[in-house]
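Chains as they are written, first to last, in this note's numbering: chain E, 1 to 290; chain U, 1001 to 1154; chain C, 2001 to 2596; chain L, 3001 to 3287; chain R, 4001 to 4340.
To be clear, the hints were calculated from the coordinates, so they are not data collected in a lab.
You may find that some hints are simply not true.
[Unchecked claim] These stretches of chain E come out as covered by chain R in the derived footprint (C-beta under 8 angstroms, 3 or more residues):
# : segment
1 : 14-26
2 : 92-105
3 : 250-258
4 : 276-290
[As the list claims (entries may be wrong)] With the C-beta cut set under 10 angstroms, the calculated list includes, among others, these residues of chain L facing chain R:
#  : residue
5  : Asn3091
6  : Val3098
7  : Ile3158
8  : Ala3182
9  : Val3186
10 : Asp3242
No residue lacks a Cβ here, since even glycine has one placed at the ideal position from N, Cα and C.
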Amino acid sequence: MATKNTSTADQALIPLDYKPSKMRIERITEETSDTKTFRLNFCDADEAQRFEFRAGQFGLYSVFGAGEATFCIASSPTRKEYIECSVKRMGKVTAELHQCNEGDIIGFRGPYGNSFPMEQMEGKNLLFIGGGIGLAPLRSLIWNCLDLREQFAEMTILYGARTEADLVYKEELKTWQQMQDVRTAYTVDPGGETPEWKGEVGFVPQILEKMKPSPKNTIVITCGPPIMIKFVLVSLTGLDFSLESAYTTLENRMKCGVGKCGRCNVGNQYVCKDGPVFRCSDLQNLPQEF
Amino acid sequence: MSEEKQNQSEKSQWQPRIVAFLCNWCSYAGADLAGMSRRGYPAAIKVIRVPCSGKVDPMFVLKSFERGADMVLVSGCHPGDCHYTSGNYHARRKLLAFRELLDFFGIDQRRFKISWVSAAEGAKWSSLVKEITAEAQALGPFKTFATMLQGEPS
Amino acid sequence: MTEETIKLTIDNQEVEAEAGQTILDAAKTLGIEIPTLCYHPAVPSAGACRICVVEITAGARGALVPACAYPVQEGLGIQSNSERVRQSRKMTLQLLLARSPGAKIIREMAKEYGCEELRLERKDDDCIMCGLCVRVCQQIIGTAAVCFAGRGPDREVSTPYKLLSDVCIGCGACAFVCPTEAIDPAEFCSNPLEKIANEFNCGLDNRTPVHIPFPQAVPNKPVIDRENCIRFQTGGCGACQSVCPAEAIDYDMEDKTVQEDVGAIIVATGYKLFDTEVFEEYGYGRYPDVVTSLEFERMVSASGPTDGQLYRPSDGKEPKTIVFLQCIGSRREKGGVPYCSKICCMYTAKHTILYKHKVHDGQAFVFYMDVRSGGKNYEQFVRRVLTEKMATYLRGRVSKVFPRNGQLVVRGADTLSGGQVEITADMVVLAPAIQPSPGVQDLAQKLRIGYDQHGFLLEAHPKLRPVETNTAGVFLAGACHSPQDIPDCVAQASAAASKALGLVSHKQLTREPTIGVVNELSCNGCFECENVCAYGAIEHKELRDREGDLTATLAHINEGLCQGCGACAVTCRSKSIEVQGYRDDQMFAAINAISR
Amino acid sequence: MSANGTITQTLREAAAQVLSEEKVGVVIGYGRDDGQEFSTPVFLRKAEEVKRLVFDDLCFGNLAVYLPRPEIRKMGKTGIVVKGCDLRAVNVLLRENVIKREDVLLIGVRCGGVGQPQLPKCSVCELHDPGGCDVVVGEAIEQQEVKAEQRYTEAGKIEAKPAEHRWEFWQKQLSKCIRCYACRQVCPLCYCKRCIIEKSTPQWVQTSPHLRGNLAWNVTRALHLTGRCVGCGECERVCPMDIPLGAINQKMAKVVDERFGFRSGFSAQEEAPFTTFSTEDSEEGIL
Amino acid sequence: MGEQKLYQASANWLKSAVDALCAAGIEVLAPTQSESGKVDLARVTSSEQVIQSYPNTAFPLKRLFLPMSEVLLEYEKGEEGDVELGPKSAPAKELVILGCRPCDAAALEMLDKVFQWDYSDVPYQEKRDRTTVVSLACSEPSPECFCTSVGGSPQGSEQSDVLVFGGANSAALMQINTAKGEKFIERLADTVTPAPEGTKLPEPTELEQKFDPQKVKGWLDENFESNFWVENSLGCLGCGTCSYLCPTCHCFDIVDEASWNRGQRRRNWDCCSFALFTLHASGHNPRPDQAARYRQRLMHKFKVFPERFGRVACVGCGRCLKNCAVGQNLLADLADIESR
Ligand SMILES: Cc1cc2nc3c(=O)[nH]c(=O)nc-3n(C[C@H](O)[C@H](O)[C@H](O)COP(=O)(O)OP(=O)(O)OC[C@H]3O[C@@H](n4cnc5c(N)ncnc54)[C@H](O)[C@@H]3O)c2cc1C
Ligand SMILES: Cc1cc2nc3c(=O)[nH]c(=O)nc-3n(C[C@H](O)[C@H](O)[C@H](O)COP(=O)(O)OP(=O)(O)OC[C@H]3O[C@@H](n4cnc5c(N)ncnc54)[C@H](O)[C@@H]3O)c2cc1C
Ligand code: SF4
Ligand code: SF4
Ligand code: SF4
Ligand code: SF4
Ligand code: SF4
Ligand code: SF4
């Protein structure tokens, strides 16, 4: 893996004073019992104008009084009117965020981190494999790709959650299912289904093996709980995929988002700067610190 | 107006903030009774209901001071009368020891009161609140916590 | 045991009897009455008085035999009232009448058998020498305090050497069985039993150790008062057992602590009366004719000690003047209670009416502070007393009651006329304040319910939850809550009962959601929480890994037991316990809000 | 040093024996390289390693802090070198179910005191001879009688100041705290999996090292150790900012001693003062 | 700067510098001694508070640029839900640090690298910009010192605007390295004079090299998984002492502290030895035990930093070994690694 030896001299530095931009919550969608999607608008029109990001990037969202937390930007960069993030209630900030109402003002810093390799993906078959809330970063990319549909070959979405109730973006899952040029497979863990469930039942790697996607000319992007990723990679290898063309994201704890607070590194890789998107083959060479 | 006089008039306009943690069964009911029997007591007191005086963590008291309380009161059932049999006995131990610790640090003990008020003692509640409000008024704003951030490290 | 049945005929009726039974027993089953004197079912028969003789007419040698002692035999034919029998009884009675003309039962029997006065030398002794007392004392009580002494005409029942007996335990069994009421152990017992005051009648009369507590008792069955029962005190007596036909008495029964799991508790421990003796000026306890309203209530009760006759205690004369004093202790900040006892006005008015019923020419006076007659028709009731001149009502306090010439002088103020009044009365009735039953505080602490400074139990809310307490499942009814009369008690009791039923009629109990929850990720398993939990709600939960090996033992809160007091939450240093509804973040937010 | 020399020798023998007999998986003791200012913990797994073991008057540390550690427990039954004062901490750990008696092998040393000059705690030590250990090394030491007033001299000095001076004093001391939590980490009784400081919902104790946060932190820790602190003095020793933490703990020890007649760590069975109560406790100061 | 300029100063230079700067209304930090005997840099208002003889200060410089706790943001919520953000940053006042040691100055190099990595950390940089660092070359290193092993030197001039040779209480030679240094010299006016042409710097102080960072890195590259980490961290308490006293450690936490409607966002020191440093909200912890955390500390300093920034993140000040409560000895550990 090529390690960038970042030099400070020859690059224009971006001043960072940790002051977030103010954003207004425009809409809150309840995805599951513990996950909500927030649609946000910059309060300042200039900031809105200037703001740009790429799929896969993340930001630091803050509830004033509770603190900052990291979430990926779950909306597509092609839809510039707003940004969205989907948040699972886990701790202090996320709980406070869940308490917020539409119209409330929160803070946002970003975008930070690298992004999915859009350039490499052009003309390729795309296989998205998501688990649980891990669909959030994929969603940004999926819409991004759907908005530029002609640039890519086949698109396949495999998504699973523990139970039916844990599936996020239920409306969009339907939309994708109905699209002619997208292949979808949704699954829940055994026991997580209701009698009405029409999708698959089984763990994501099992369904993947059942689907037998062709590794040819395919790029895989997978996001989800670490344990799922681990077995997805095993299955992919079994299906003759090269991990060189598989990407995932990491979610190590971070405070600054810009490589200074010193906690997100995996070996010499800083998840906030070198990630959060990593090539799976690279990850296998990193120390298991994630 | 002389400075002293001005101070005095400021003091008299100033209203202390007293945070009271009242157990649900005795003191809260006692305060309720005071209200129901139309016994007035000063509004300086901000009541937070807890199941039992034994549920009052010293953290609550400390945090109240941090948040600007000029006085904190914890009130529960009389010994032997605890709705939960022994909560107030535990509270008595812990809170009195805590008060000694505050004192050891030089933090004015008079700012932290403990009382027993039963559900039938509406009158006691009302006179107690009058008394401690007057005391808080006389003591003036509690500066210890208010000024604490000024000595921030650099 | 194979029971041998024996067939015989009595007065031409066939009867089946068991071996070992007597003719008397067999006759009883047929409803044939054979007179007896020296017989008592609990005492071995002696056939001594021969009043129970019957004639054998078949199956054996024809003879007159004592029915109480003669065993049944197969094929026996008996005549219980033949001429021969009647003659024999007449003879016997005549002798007895001569010996004990004063004995009621003998006189009655003699009359029945048509005996005349005898020429025999009259002896004036009620004792008929049947020996039943001797037998009961020897064979039942096992004491042998009395025996026959002397011979011939000097024969009598007595203690050995006619001395005071210190063997006699004073049980009174002899007196109990004596057909002629001729014996009284008090005459020879060196340590006679004390009389037992009848509590129900306020000690106005006495009762036996085995007694039915009061006429309406439920269940209406006797109880043995062990403190006073000889059987329990000395191991003797046992009379009640031997006489109880239902064989219901078992001295070996132990008091049992009965443990019941219940879903609801209704506290209805009622009241006691204020101790009137503390007010010396009224003379209660010193002058027998000063009584409490409750004592008066018993005196005029038809089921009371005097069968409803009103006598004054000192000399049994009918009281012609009576004074009722209200508010004894009530509404009295000093020495009494500050509250109004609520029921006294009404029952005093009732008492004046009752008094007038008993003593038509009597005069009643009532000293009162106010007449409080709130309640349906209550005011009309009081009006009736006043308009029908049942009593003279004097508004004011009495300062002193003192004796003068065998009567009581009541000195008080009449605030309406503004003068001092003195009434000379035969009896004074005090209406003491109502107080909660003794020991109610202990009970309240056990039940974890509140009480006020007077000891009256506290409702959860005076308006919205008047029969509930702060402890779920515990309800209040009656005077334990506040002074109240029967209609109020009944209303409250009905309400409490329906609340309790409402609670237990569900399959599942809804409980307060405020209970503790342990965070297993941070619990250290130190179990300091366990030590402070008053309900034993903290359990040890064992965590095991996949191999089943114990990895940790952590605290777990039993949600059924937890009451949500939060003692554990404060004790837990790592803040691993949260009480739902009073979670730390909620408390934190509440505290935060003061800096608003 | 001669007396200590013999202790070291017998200690090594004792450790070698329990290790070679496989009675324990590890022995925690003290070791010291030349020039080191104090003896540091060593963890011995094999009998051959016992030459690293020493006992001398630079053995300040309270090794009981390692007993709850998962890494240590994984090694099997733990042999541990304890001075009398350290044993008190072990007793508290036993009482609080942190360790089980059968999982530790206590190698007690009869310690006459550590420090050059001797630490104040040692001059009022009441446990020169640690009772109830599995192995005891060292010569018997005569136990001096310690009077109640000798126990709390450090706290007493501060108590003697007027309230305003006390506050000035502590303000100065507590402002120094850098929130390194060394005091907590070294304390054998601060074994919480998640310290209150690490609970963020809500954050009772502010983590910022400003006076307010520092006061809350030190007050909280003092309360959490009330009736538990065994006065080993480790927290004060390791505080890089030289904050007199011992005095705070001593004050609370005094409070529980005087109020509830309780002194911590003398037995593994006792109830801690805050987990029990007496109906006779003082009501003084309650309205 | 092209060629180094040298100035001479009298033995009393430190005290007169303090007085001159204070008189000019400039904030001065100089070595002082606390009641408990600790020597540390502190704000002084007169030369009397200053002491002149000490091996090194108790604290490194980092807290002057990355304070233990600093307010990043203030906010106040209005009634209508709007939020007011502050504070408006005040213009930074000039500050001069007098008398730190070269190793501590050199550590600023590492901090600069981190805080100027793509993003320029404004709160840090403001403080950095306003500060002039005048360090004092070491003539008698302490036994714990090992700067020479990590690329430094007792006379290293890295990040010192001025480096002073000759001690605090003897005649001194001042080496001016930056424009800030020039300005400093100007302020001292006549107490210093340019050194005569050809003045030589004193002979460098000898300090043996105690290990070879290259070799250490070689071993670290191969041994992420090793029993070494477990064995050598058994005694470590996981306190923050070593990091907090380390001139190059710079990890921080960001927390909000709020009352009802207003509050602050603060940046506080944090430390990789703490158990919760990397704990995910899900409860998963990538560095679950002390061994992993101890490994991070060493790896970060001796492998990650060289790979990312071209230099080990240790200046050999020896504070961590001196202050560790359980005698955990970085030097010994590194020597151990080197010998493997
Ligand atoms: C690049 C990136 C992208 C992400 N994207 C998303 C996203 O799109 N959606 C999303 O929902 N999340 C996302 N996350 C995860 C998200 O950042 C965290 O869930 C969030 O920061 C939690 O913040 P919090 O303040 O609510 O939790 P905190 O209050 O900070 O709680 C976490 C802290 O509490 C303590 N804690 C938490 N759990 C436990 C426990 N089980 N035991 C003991 N202590 C505990 C620990 O100190 C922990 O650090 C992302 C993370 C990263 C790094
Ligand atoms: C002189 C007099 C006259 C009255 N006349 C009238 C009248 O005419 N009309 C009228 O409406 N009212 C009258 N009252 C009032 C009436 O007596 C009360 O209203 C009524 O008895 C109250 O009923 P209670 O069931 O609440 O209590 P009580 O009748 O006092 O019954 C309480 C019961 O609880 C038992 N108890 C106490 N403690 C315990 C315990 N710890 N455990 C178990 N059991 C316990 C007691 O032994 C008692 O049996 C009169 C009262 C007095 C004094
Ligand atoms: S007190 Fe706290 S840490 Fe200890 S067992 Fe109870 S819940 Fe667990
Ligand atoms: S050891 Fe000292 S500086 Fe560190 S947190 Fe504890 S009291 Fe504060
Ligand atoms: S300070 Fe309290 S919560 Fe923290 S480790 Fe110590 S005892 Fe546990
Ligand atoms: S608080 Fe300090 S003295 Fe007390 S046990 Fe812990 S480390 Fe030892
Ligand atoms: S090495 Fe020492 S100073 Fe550093 S964390 Fe471990 S015990 Fe603390
Ligand atoms: S690691 Fe230790 S020696 Fe190196 S700079 Fe930090 S404190 Fe100094």
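Hints and how they fare:
no., hint, verdict
1, 14-26, "holds (count 8)"
2, 92-105, "holds (count 4)"
3, 250-258, "holds (count 6)"
4, 276-290, "holds (count 3)"
5, Asn3091, "violated, 21 angstroms"
6, Val3098, "violated, 16 angstroms"
7, Ile3158, "violated, 15 angstroms"
8, Ala3182, "holds, 4 angstroms"
9, Val3186, "holds, 5 angstroms"
10, Asp3242, "holds, 4 angstroms"
The structure does not agree with the numbered hints 5, 6 and 7 stated previously, though it agrees with the rest.
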